[in-house]
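Participant: If you want the building blocks of each chain, they are given just below.
Protein chains: 2
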Amino acid sequence: MAGTDKSRESITGGPTVILVEPQLGENIGFVARAMLNCGMTDLRLVRPRDGWPNARARAAASGADRVIDAVRLFASPEEAIAGLGRVFATTARPRYMIKPVQTPRRAAAELRAEAARGVACGLMFGRERAGLDNDELVLADTVIQVPLNPAFSSLSLPQAVLLVAYEWYQAGDETPPEELVLGRTLPASKAELLYFFERLEGLLDASGFFQVDDKRPGMVRNIRNIFQRKHLTEQELRTLHGILTALDPEKRRGGR
Amino acid sequence: MAGTDKSRESITGGPTVILVEPQLGENIGFVARAMLNCGMTDLRLVRPRDGWPNARARAAASGADRVIDAVRLFASPEEAIAGLGRVFATTARPRYMIKPVQTPRRAAAELRAEAARGVACGLMFGRERAGLDNDELVLADTVIQVPLNPAFSSLSLPQAVLLVAYEWYQAGDETPPEELVLGRTLPASKAELLYFFERLEGLLDASGFFQVDDKRPGMVRNIRNIFQRKHLTEQELRTLHGILTALDPEKRRGGR
Chain A
538 MAGTDKSRES
548 ITGGPTVILV
558 EPQLGENIGF
568 VARAMLNCGM
578 TDLRLVRPRD
588 GWPNARARAA
598 ASGADRVIDA
608 VRLFASPEEA
618 IAGLGRVFAT
628 TARPRYMIKP
638 VQTPRRAAAE
648 LRAEAARGVA
658 CGLMFGRERA
668 GLDNDELVLA
678 DTVIQVPLNP
688 AFSSLSLPQA
698 VLLVAYEWYQ
708 AGDETPPEEL
718 VLGRTLPASK
728 AELLYFFERL
738 EGLLDASGFF
748 QVDDKRPGMV
758 RNIRNIFQRK
768 HLTEQELRTL
778 HGILTALDPE
788 KRRGGR
Chain B
538 MAGTDKSRES
548 ITGGPTVILV
558 EPQLGENIGF
568 VARAMLNCGM
578 TDLRLVRPRD
588 GWPNARARAA
598 ASGADRVIDA
608 VRLFASPEEA
618 IAGLGRVFAT
628 TARPRYMIKP
638 VQTPRRAAAE
648 LRAEAARGVA
658 CGLMFGRERA
668 GLDNDELVLA
678 DTVIQVPLNP
688 AFSSLSLPQA
698 VLLVAYEWYQ
708 AGDETPPEEL
718 VLGRTLPASK
728 AELLYFFERL
738 EGLLDASGFF
748 QVDDKRPGMV
758 RNIRNIFQRK
768 HLTEQELRTL
778 HGILTALDPE
788 KRRGGR
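As given, the protein sequences belong to chains A and B, one line each in that order. Going by the numbering used here, the residue at position 121 of the first sequence is 658; the numbering climbs one at a time, nothing skipped. Going by the numbering used here, the residue at position 223 of the second sequence is 760; the numbering climbs one at a time, nothing skipped.
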């Protein structure tokens, strides 16, 4: 691809992931799985140690066959990135060159912005043990470093890919931070809740629960507060009414 | 611990991670590594399938011995969480109960807030294949669900732990989104940069590069812009001066 007029690739399926001399087939599979989890599909390998295709990679991908099937092999990092407009490298801190170093979250925002401008981007990762060497690192515009426990910051290759891919996915995702799973029932209305309070308090009055009249208002507030959590459902309220019925002394006295 | 007065634990090393019936020792090790990457140290296992201790777990932990050594075993999830004040469960969507479902990012903010209030929190994860059952899920206050590619959203157990732990770490981390690695040199001053421009333009004038006088100002602007990227360093500027000296026609004519 390098050196031709068609040096600019179109963007599909998120940023390209480039693994430089990955050693374990299993890790290539884990990377493919993490990529597809996050909606990325373009995986390129530079001189994988154990060759390609690799049965361990496919097994570890746990069904991310779409990524494994589309893997492309390259003889050098230069060839692997030739068609891209911007390259991020994930590595330890480079020591002998000046590079902007970004968190995965910041890089994710830039990846989204580049894509919106039509720039094809790549994420380059090095060998399991040795990472990228300086000649490879200089090919990247930007370095991504994951803020982690400084006393224990070494990530496995698939974990590093997962975190960067995860941030990329989150940067385009609109899931609300908190949702309520409603299942098959609806939140109870306030009228239903108040009816329950009145029934409960009536039963407690009849049973002598409120021994001191002065304390009744405070105790009623405490009890109401217990059930006042948000999103008590109609189903849960029916269950509570069932409990009242079961514990009703009138009913028990009647032997029913 | 359950049922005693000392039901409230103190908080050290971030939230507790509880794995319910994990199957593969290797996964327990990967979880320990991911936890320590993110500064978490308290790992509890409920009935691990292959028993404990487990050599595969220790090997896969890649040096996170501190977490492996401190692992505690429990006979049930109830016992494992007895001392905690709040429990988050990571699972697929619960179907038959009402639970707030949060993203890892939102949950991370709540975990930080709970810790600030002195509330010990736990993150509960289920079996590799089956996850948590409904009786276990009901023990949790909140469910965490990771927004992922809906067509391929199944995460491995260690990956799920990593993403939640990562968000927890990020929520307390203050790494600037972008830093510049300066290595052993400093950014060049503007005066140094202007001196370089003048020297370059003088050489270009002498060499007849600016063939049309009208176009000279625009071309000078273009050339200056090429080198005007942020953070050009003193070292890089010295290199550029060396290039000018090497290419200087006067020097070449002189045969030096």
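To be clear, the hints were calculated from the coordinates, so they are not data collected in a lab. Some hints could be false.
Claimed, not checked - Only some residues are given here: those of chain A computed to face chain B with a beta carbon under 10 angstroms:
#	residue
1	Pro641
2	Arg642
3	Arg643
4	Leu700
5	Leu717
6	Leu769
7	Gln772
8	Arg775
9	Leu777
10	Ile780
We treat Cβ as the ideally placed atom computed from N, Cα and C, and that holds for glycine.
Participant: Can we keep the Pro641 (chain A) interface hint, with Cβ of chain B closer than 10 angstroms?
Facilitator: holds (9 angstroms)
Participant: Restraint: Leu700 (chain A) near chain B, CB-CB cut 10 angstroms. Satisfied or not?
Facilitator: holds (6 angstroms)
Participant: Using the nearest Cβ pair, does Arg775 (chain A) come within less than 10 angstroms of chain B?
Facilitator: Violated, because the Cβ-Cβ distance from Arg775 (chain A) to chain B comes to roughly 13 angstroms (cut-off 10 angstroms).
Participant: Using the nearest Cβ pair, does Leu777 (chain A) come within less than 10 angstroms of chain B?
Facilitator: violated (14 angstroms)
Participant: Using Cβ atoms only, decide whether Leu717 (chain A) comes closer than 10 angstroms to chain B, and label the hint accordingly.
Facilitator: The hint holds - Leu717 (chain A) has a Cβ within 10 angstroms of chain B, the shortest such distance being about 6 angstroms.
Participant: So, Gln772 (chain A) near chain B? Judge it on the closest CB pair being under 10 angstroms.
Facilitator: Where the cut-off is 10 angstroms and the nearest Cβ of chain B is about 8 angstroms from Gln772 (chain A), the hint holds.
Participant: With chain B as the partner, please determine if Arg643 (chain A) meets the hint condition of a C-beta pair closer than 10 angstroms.
Facilitator: Hint holds; Arg643 (chain A) Cβ to chain B Cβ min 4 angstroms, cut 10 angstroms.
Participant: Take the shortest C-beta to C-beta distance between Ile780 (chain A) and chain B; is it under 10 angstroms?
Facilitator: violated (17 angstroms)
Participant: Hey, does the Arg642 (chain A) contact hint survive, CB to chain B under 10 angstroms?
Facilitator: For Arg642 (chain A), the interface hint holds, since the closest Cβ of chain B sits about 7 angstroms away, which is under 10 angstroms.
Participant: Should the hint that Leu769 (chain A) touches chain B count as held when the rule is a Cβ pair under 10 angstroms?
Facilitator: holds (8 angstroms)
The earlier numbered hints that this structure contradicts are 8, 9, 10.
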